[in-house]
Each structure stands twice: as structure tokens, then as C-alpha cells.
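Enquirer: Sequence:
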Amino acid sequence: MTEYTTVSIPKDLAERVEETIDGTSFQSTSDLVRFLLRSIVIQHQKQGQLTEAEFEEITEQLRGLGYLE
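The numbering used here numbers the first residue of the sequence shown as 1 and each following residue consecutively.
Be careful, since some hints might not be right.
Have a look at the derived ranges for each label pair, beta carbon to beta carbon [what the hints assert, rightly or not]:
no., residue 1, residue 2, range
1, R34, P10, 26 to 36 Å
2, G23, Q49, 30 to 40 Å
3, E19, E52, 30 to 40 Å
4, S39, Y4, 10 to 20 Å
Hints were generated in silico from the structure; no laboratory data involved. Just so you know, even glycine gets a beta-carbon here, dropped at the ideal spot from N, CA and C.
Required output: the full structure, derived from the provided sequences and hints.
Expert: Laid out in C-alpha cells, this is it:
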């Protein structure tokens, strides 16, 4: 059985995510966060060590989605 942990995000960000996923296949903020984290981890595993430029690109993508300020 899969074990879970909790990740905290600011309430205003959670509200923005809820608005963003409205009308998509994502059922919750958790669904979207899992998808994004899996995507990053898979990309990292396929390419090996992330370069600084790749890390910055991911950071900018997450910032654009409102996950980072």
C-alpha cells in the first residue's frame, strides 16, 4: 500500500490552483501537484543529473503556474 505525506502550500495558491484545474481532468490540487512532481522526477531520471539551466527552466515553469513566487 502506498504511504503518503503532506505538502503545505499557501491558501491563496491552493485557491488559484483550484480555479486553474476547473474543467480539467484533475480532480484536486493534490492530483495536479502529483502530476507535476512525477513529470519533473521522470524528466530528471531520463536525463540524469539536472543542469543548472534545466533547474532554472523548471523553476520558471512552476513560477508561471503560480507554485513559486
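Enquirer: Could you tell me which of the hints above the structure violates, numbers in ascending order?
Expert: Those not satisfied come down to hint 1.
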